[in-house]
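> Listed here are the chains, written in short residue letters.
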Amino acid sequence: MTQFRGTWWHSVASAVAAAGLLASGAAFAQKTELLVYTALETDQLKAYQEGFNKTNPDIAIKWVRDSTGVVTAKLLAEKANPQADVVMGVAASSLVLLDLEGMLQPYAPANLGAISAQYKDAKNPPAWFGMDVWGAAICFNTVEAQKQGLPKPGSWKDLQKPVYKGKITMPHPASSGTGFFDVTAWLQMWGEADGWKYMDGLHENIAQYTHSGSKPCRQAGAGEFPIGISFEYRANTTKASGAPVDVVFPVEGLGWDLEALAIMKGTKKLEAAKKLADWASSRDAMELYAKNFAIVAVPGIAKPLPNVPADYEKRLVKNDFGWSAKNRDRILTEWNKRYNAKAEPK
Amino acid sequence: MAENARSSEGPYLRLTGIAKSFGRFQALHGIDLAIERGELVTFLGPSGCGKTTLLRIVAGLEAQDWGTIVQDGRDISRLPAIRRDYGIVFQSYALFPNLTIHANVAYGLVNRRKGRSEIERRVAELLKLVGLPDSGAKYPGQLSGGQQQRIALARALASAPGLLLLDEPLSALDALERLRLRGEIRALQQRLGVTTILVTHDQEEALSMADRIVVMNAGRIEQVGSPRAVYETPATPFAADFIGKINVLPGVAAGRDRVRVGGRALLLARNDLIEGSAVKLYLRPEDVVVHRDPATGQGAANTLAAQVAKVEFLGAFCVLGLAPEGTDFPALSANVPRHAVDAGGLEPGAHIAITLPPAALRILG
Amino acid sequence: MATAATASAPGPVAAGRVVRQALHWQERLALALLVACCAALAFFLLGPLFMILVKSVQDKDGAFVGLLQFRDYLGTPALRQSIFNTLGVALVVTGITIPLAFTFAYALTRSAMPGKAVFRVVGLTPILAPSLLAAISFIQWFGNQGLLKPLLGGTPVYGALGIVISSIYATFPHALMIILTALLLADGRLYEAAESLGTRTLRRFFTITLPGAKYGLVSAAMVVFSYTVSDFGIPKVIGGNFNVLAVDIYKQVIGQQNFNKGAVVSLILLLPVLVAFVVDWRMQGRQHAQFSARAVPYVARRKPWFDGAMFVYCTLVALLLLAVLGMAVYTSFIKLWPYDKSFSLRHYTFGLVDGGVIVSFFNSLRMAFVTALLGTMFIFGCAYLLEKTRGMPGTRALIRLLASIPMGVPGMVLGLGYILFFNHPDNPFNVLYHTLTILVLATVVHYYTSSHLTAVTALKSLDGEFESVSASLKVPFYKTFHRVTVPVCLPAILDIGRYLFVNAMVTISAVVFLYSPDTQLAAVAILNLDEAGEIGPAAAMATLIVVASASVCVLYALVTRVLLTRTQGWRRPAPGN
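Chains as they are written, first to last, in my numbering: chain A, 1 to 346; chain B, 1001 to 1365; chain C, 2001 to 2577.
Don't read these hints as lab results, they were simulated from the structure. Computed from a predicted model, the values in this text were never measured in an experiment. Each hint can be trusted.
Examples of chain A residues toward chain C, derived with CB under 8 Å:
id	residue
1	Lys46
2	Trp63
3	Ser212
Simulated DEER-style distance windows between Cβ atoms:
id	chain 1	residue 1	chain 2	residue 2	range
4	B	Arg1078	C	Lys2460	26 to 36 Å
5	C	Lys2460	B	Gln1190	30 to 40 Å
6	C	Lys2060	A	Lys54	39 to 49 Å
7	A	Glu33	C	Ala2078	34 to 44 Å
8	C	Arg2080	A	Glu334	18 to 28 Å
9	A	Glu33	C	His2424	17 to 27 Å
Ideal Cβ positions, reconstructed from N, Cα and C, are used throughout, including at glycine.
Starting from the given sequences, assemble the full structure and let the hints guide the process.
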């Protein structure tokens, strides 16, 4: 005890010092720190950040990641005092909404000219531009299908069949960008009345509305719920992981949205933000997007992905982001009123 | 002990008008007390009488609400405990369990930046003083209760304080250890000449150890005096009752020097009574004179016939429960040596005579 | 001290002014520290709670709207349903967990069955895991691909059923600890007396055991109830379409970014927990008279039939508990549930390390370490000042009150309060927002009460006169604090550290609103992984947390053992003491 008592004071002192260091974290060098809100999948963030830092090593990106719905709600809630410098990889329909609220800083990034007209804001300079297209896909578990005697669906309408009761999950449109474009695609494709009628029928078969667009496909992959309405990137990775899923692209047409980028108005780091926008529009960046998505904003870069049909772009429905943005609140309110009881938390 | 000759005149410790209340409970009502240098004074009283509170006020561990304390000519009324000059020993020993005996005794010395060899010498001296010279390397948990209390005493004396405060130091010990330590503490105190206050509720302890006893009750001092004086001439009924056993005989003064108790007039060794006033006579049981022959002193003053109601054996002596015969004289008890009972004639039911000596009959308060 | 003096006693005799003792600078220092502790507690506990009250009566733009938002909330049937769902589930969980835990504790204390030490450890294992682990594991057992799905007879595990069984698992160890303590405290002499009077076993159970454990049972029931009401991880993962209050707060705050609505739901959630807390508190107040200081521990005697039955019961429960933990670990190590059950580390390597999610595990370790270290220092230091210095009785009473409040505040409510309070532009401490420090602060405050009670109990068991002796020896209080108080209380101090560490590793409700991109924690990562459907990596992360917590517990056990052996000399009780 004697040796001990003399030293415990010192050990505590050094431990506290260590704790202080830990708590403060490693101090960043004199880097510009860019706060970027994103809904990109976690497994994509790292590659994009590394790609950007290759050309801009002096700018550090601080990601705030959440689902499309959460990021959108967060940005709207912070309208009076915006925190983010840049929004990257968030649905174009959400960015149109922010633009309508006057929250975006228009900017023409370096490679703007190369980006297809339909994948960027029509204004010049544009308030936002697209990075890539992500669109609907259905994950269908073949093993469970055999066990449970489920036919492979080919169309959206097939999913209404009673045989699928309790077998389908889809993302919640309020929180998931995927869920939202599913809903807006149905409404635009078939008109409002028929669209809602379709969803009423589909709702009967839905087991769960999930928080994220990825989860339905993951659940399908694990056989938990054999059919998951998801998007093609997640469908691809799930199949690649060895799960017994077939990726189905319903014949009526596929809902889609753009992962897009915009600079927030009032950012104190406009120069750095522009650099990120420049990079995000660049060919280098597009090549990175192309690893995950079948369609990127600059034509001619995308390579065919396994499990995605060559005419994928043609299967996309006509999507009016302006309409989706303006009606976002109304659509979600109506949706909640009709189906909220089965929604997964959040 | 050290040269505490700041002021050689007057008492070493003087308390004036010390009052203290806890919320609405008044624990001490204006205590005045002077303690001489080198004296061992005990605060004696039942629990809740305020004796420990008074001790803690002297130590500065409690603050009095009113009153002043002067120690060795210095007004310490407002000094915090750490600035006062005393050593203290508690009932619980309060030895630091994780420190060796040596470290415990040296605890206060180390802080005074004394030299290492000086500390070693002092600790050895103190351990020898309390009779445990070889215990330095042990831990408190390895010693008996009495040994621990000796170490606590050594620790309290280590820095040669001018005042030693003992708060019920023997109460946690078994009877044998208590007796032995009682003598040791007293001897040590006398050898060192350190002014000491001992708080106790044990009258025997107070009587055997103290130079003077301060009898306390309900926040007040009932009596201050030497053990003999307090025992033999208690100042108040409380003092009489708390210290030793005593017979109480209610009566009415029947003249300047006599009191009528249950139809019998008892002669007193005083002649200042006002006839007709109600008084209470106090008589120690050992002062009752017992005659085996019921005919002894028939008709003599203060002698009456009685029957032995019971005999209580208390070791060295026996207590007789007596019922005086005839008139409604109150029952009383008498102490007699054990061999007197052994000799026969004092069995329950025996008829005897007793004498209540006038000099032993007192009126108090 | 009950003597003649009463309220009508005469006033002080001596003339003059009231004496005020001068304060030594050391006493001033102690009082200053005490006030600082009190201020810190008030600031970091009451500040956030106050902000919730404020926000609940404001609209989004900060205008006062009174109870409008409450009316709004209660007017929405789906949200109103949450209240009944929450209370219903909590009552069912309490009703099942308490008898389960009581029987288990009864077997551990009153039977002579073999393997008690093992059962005890296994019974407490759920404490090492975040509540999410239970939910994930039960999905694996009872979900559509679950091995035991047929047992549910068609009822889906998603929903009330899943919440109930997961919550039973998560609350079991908490109830077990409390009831064990209560049963261990029971006086063996009562049983001896009963046996000598020939009292029958059953009667003994109802006349001695149950009444003796009554306060422990109530306390355990309140803790289980509060835990279930407040927990958010379980219903989030396995609740399916079954809405509960804790998840509603999350939906409002994260999904809708509607902090004001979140504050309203918080207050509604706070209510039942507060009621449970007050009930428990009042019961504990009455308990003290029950145990005499001389109680003799009960020693169980062999009764083959009873011991056998208890052994079977405990084995069953232990296997169930291990099955839950085991399924999560298993899930983390197989390639592809349920189609390719070959061993694979890919959920760790690919799912956690390559995905960058592993960072959150190190964040959690860091956060837990800092919480354990600084939290223990503050809590023990504050308890020391409270118990062992004197002066300022009002401040002391306030600290006692503040220290007991966190037990009655659900983590989600505290967490929401923290964002509201520290994100406020006028708060000078808003630099803490989005730092690891704020996570540490919230966690320390969240788990303050139990730690504080441990510290106070340890300090109270020290001789009350150490400080008086030090003062008489002219030794500063802080010197005695470090030479005597801390070494003697070391086992309790380590215990507090372990408790804070383990809870910091698993906590989710208090921190789910507070983490930033740089300070994401492991338990939150599990939640996000589950949301993305990544069950394998989620299970892997849960397994890592269990391993970390278990390591710290083993370390604690080893250090304590070494300490006790090294200090055996002075810890051996004195004869006759």
